[in-house]
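Number of protein chains: 2
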Amino acid sequence: MAKLTPRDVDFNEWYNTLVLRADMAEHGPVRGTMIVKPYGWSLWENLQAGLDRRFKETGHQNAGFPLFIPESFIKREAAHVEGFAPELAVVTHAGGEKLEEPLVVRPTSETIIGYAFSKWAQSYRDLPILINLWNSVVRWELRTKLFIRSTEFYWQEGHTAHATAEEADFETRQMLDIYADFSINDAAIPVIAGEKTESERFAGANQTFTVEAMMGDRRGLQAGTSHNLGQNFAKAFDIRYLDQNNERQYCWTTSWGLSTRFIGAIIMVHGDDQGLVMPPRLAPHQTVIVPIFRNDDEKTMVMEPVSRIKQELADRGIRVKVDDREHVTPGFKFNDWELRGVPIRIEVGPRDVAKGTVAIARRDIPGREGKQFVAQEGLTAIVEQILDDIHQAMYEKAKQFLEDHTHRPKDYDSFKEAIGDGFARVWWDGTTQEELQIKEETGATIRCLPLDKPEGNGICFYTGRKTDKVAMFGRGY
Amino acid sequence: MAKLTPRDVDFNEWYNTLVLRADMAEHGPVRGTMIVKPYGWSLWENLQAGLDRRFKETGHQNAGFPLFIPESFIKREAAHVEGFAPELAVVTHAGGEKLEEPLVVRPTSETIIGYAFSKWAQSYRDLPILINLWNSVVRWELRTKLFIRSTEFYWQEGHTAHATAEEADFETRQMLDIYADFSINDAAIPVIAGEKTESERFAGANQTFTVEAMMGDRRGLQAGTSHNLGQNFAKAFDIRYLDQNNERQYCWTTSWGLSTRFIGAIIMVHGDDQGLVMPPRLAPHQTVIVPIFRNDDEKTMVMEPVSRIKQELADRGIRVKVDDREHVTPGFKFNDWELRGVPIRIEVGPRDVAKGTVAIARRDIPGREGKQFVAQEGLTAIVEQILDDIHQAMYEKAKQFLEDHTHRPKDYDSFKEAIGDGFARVWWDGTTQEELQIKEETGATIRCLPLDKPEGNGICFYTGRKTDKVAMFGRGY
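In order, the protein sequence lines correspond to chains A and B. Its first residue numbered 1, the first sequence is counted upward by one per residue in the working numbering. Its first residue numbered 1, the second sequence is counted upward by one per residue in the working numbering.
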């Protein structure tokens, strides 16, 4: 099989080829739709498990909301309709007849959630309402890219209603923290948590927070967002409750989401010229065992320890696969699993059996350096340790990359240079108009206003004015 | 709160009220759509886990397929389009423009799966393909009922492709067995496994198998179906592979599904006049602990063992909830959890604390008979045992009910009487025409031709002819 186009030569080509070749996803028959293949879906299931556990630990419950939303709902919140109207898919006919009111295929569920919450929130005792939906949504996009931008994508959308502004603010930030924690500790992706500027805000939100990551081509990608919706949707959908003084009050609501886009981030942050590099805690297969034999005698000899090792690893909860295909060579299998990014490859051949050892190869360290021979005895503990080491090494590498390509320019010229290489972290005092001007001239947008910023003031690189605001600029996906 | 309408008085009213009052689901704003509330969704998640484990153990993998299918796809398989055309929802506009080809919102995914399988199945080495989708589908229904029939419902749809007819037959029956095993061992619902007659067959299948259950009103409900699609979809979508002799062959495909309808079955099989009765292995909460106290001193005294017991149960993997609401009485809580069908209620009051005991009440045995006082020491093992006992008792009760209301009439008059009471299991030699005639006259359809039937022959109750076929008739949902 031909080598992948190196990332340096054409990152986009590298990505598109890799997604297809690693059996992650392919294009559906309808333009812009995506078929997520079992290998890609298995990664998504592991993402779901990691997030779902965190959501439930913080008191959220899952629910199921309809796909179809009356068109009139979308129009009730002024900013919301403006943001989403151009992207809607509309059902006009059903059951062989024209519908009286067209139905929108949900682009996001704030409006239909508003409809339900207005019934569910009667008294202060009903609050907070903390729910989450795992579903797919549809946004008609012209330029699509598997996982990154598709007309239908999978995600979770959390929706909550609270009695006070403080609680809604706490929830918005808590969920942002959860996304950051998940990125770092499950996906080995360093992120910058911050607020979006007005121009990048969710349609209908008072504040949008984001965790931003840097891809291998040094572009930014929004990995998860958390929105403080204030009372905007509560007023549009009459979400009110009786407080302890028996007075009707509007609720404060939030929403937050992370999508299959995150799979694109995993590919683009960790992948190398040989293929995917799966973060161990999310990898569909954490370990693949390749038995090596040239004849039936050797096969019998090798398969006994292979089966035993597989069982021992599986018993400890390690996701392990034995590649016992007979019509391809071990070399083919090595390349195949390298392409698919399995963190650890274990090879067992007749010589290993004789010595009671196996060969272990780390995906994140290519060639001999990443290879070691270890005893079969006690292998499970070693594999667990190596998986942790790989996670840590992948995180450190991505963090170093992010830092190496994050600059602190003091003027517009060095800013342009910085943007050519990655992110520019700057003192910022510009207007929305100036932000758009910079975008037009450099292709860079404000990825976020980082929450973690120094005290005090600095000079805005663009306006020259003194400011206490810091912005992270970068070209984005 | 008013009592539920007793099932004997109006089963339909009992069901509809219970679903709403127990916070399982409610109607969405678009006619026929359903909002599954957190309590109902939690039950669905437990169903999903039980099925998903079985699917994966038998080698199936999950994937994600698009919601939108080109309208032309639906038309490729003649029987399929005839069956589904009247129920389709159609997207005609998207992104502000009229689409060149309308898009169908999937009513089921055989056609788009056919599109993908035709690319995935190249060689005999690619077979079998064994995948499953967890998603929602849309069928425009006129008469809807929460969980039982809605325009959008949640389900899993399995899709497989095989090299031989034998393998497809094995798969079809294997998945039927899995549905039966799940019904019996997870949901405590006895089922009759059998084949559907031609008139009830899936549109496009050669054979449809079903597991049928009897609801509390003695009507039948199809709890899961498994279809042998023969080469129908393979021919319509050109799903072909190169066999070992390098010759192109059509695949043999299957599909199989179980939906949120199954939640309706759980409600209607096990529920009683007091409310839901959740089967312990699927129950959102397997145990609820109600602390009982009249003042702060008693509260302090009671909450210590309550927290400890909760932790002990949770550590053993028991889904346990402490109801520590302070604005409602213990009596209110007892009724509330009875309505919601929690299998075991544990009460802890000051006297229990003094004695080192708790009171345990079984949901499936009302009143004093179902109540016992046990020591706090060793409670977890007792709770585990009682959960198993409840499962067994619920299954036996449902099985006895099914048997009590299954009759073996020998002629049409006694057949009509039997149908008035439940199912009629009969020798059957009629035609499709005669089957429809019987439906018109009695409201009964052939639920299935049971796979488990006696050897030899008998006399058809309707035609008087000798036959070796057995049919199970009943009124259905």
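Possibly wrong hints are sitting among the right ones.
As the list claims (entries may be wrong) - With a Cα cut of at most 16 Å, we get these calculated EDC-like pairs of lysine to aspartate or glutamate:
1) 119/B / 200/A
2) 333/A / 57/A
3) 56/B / 57/A
4) 321/A / 57/B
5) 98/A / 87/B
6) 119/A / 26/B
7) 98/A / 141/B
8) 321/B / 45/A
9) 56/A / 45/B
10) 119/B / 26/A
Don't read these hints as lab results, they were simulated from the structure.
Each hint tested on the structure:
{"no.": "1", "hint": "119/B / 200/A", "verdict": "violated, 40 Å"}
{"no.": "2", "hint": "333/A / 57/A", "verdict": "violated, 40 Å"}
{"no.": "3", "hint": "56/B / 57/A", "verdict": "violated, 27 Å"}
{"no.": "4", "hint": "321/A / 57/B", "verdict": "holds, 14 Å"}
{"no.": "5", "hint": "98/A / 87/B", "verdict": "holds, 13 Å"}
{"no.": "6", "hint": "119/A / 26/B", "verdict": "holds, 11 Å"}
{"no.": "7", "hint": "98/A / 141/B", "verdict": "holds, 15 Å"}
{"no.": "8", "hint": "321/B / 45/A", "verdict": "violated, 27 Å"}
{"no.": "9", "hint": "56/A / 45/B", "verdict": "holds, 13 Å"}
{"no.": "10", "hint": "119/B / 26/A", "verdict": "holds, 11 Å"}
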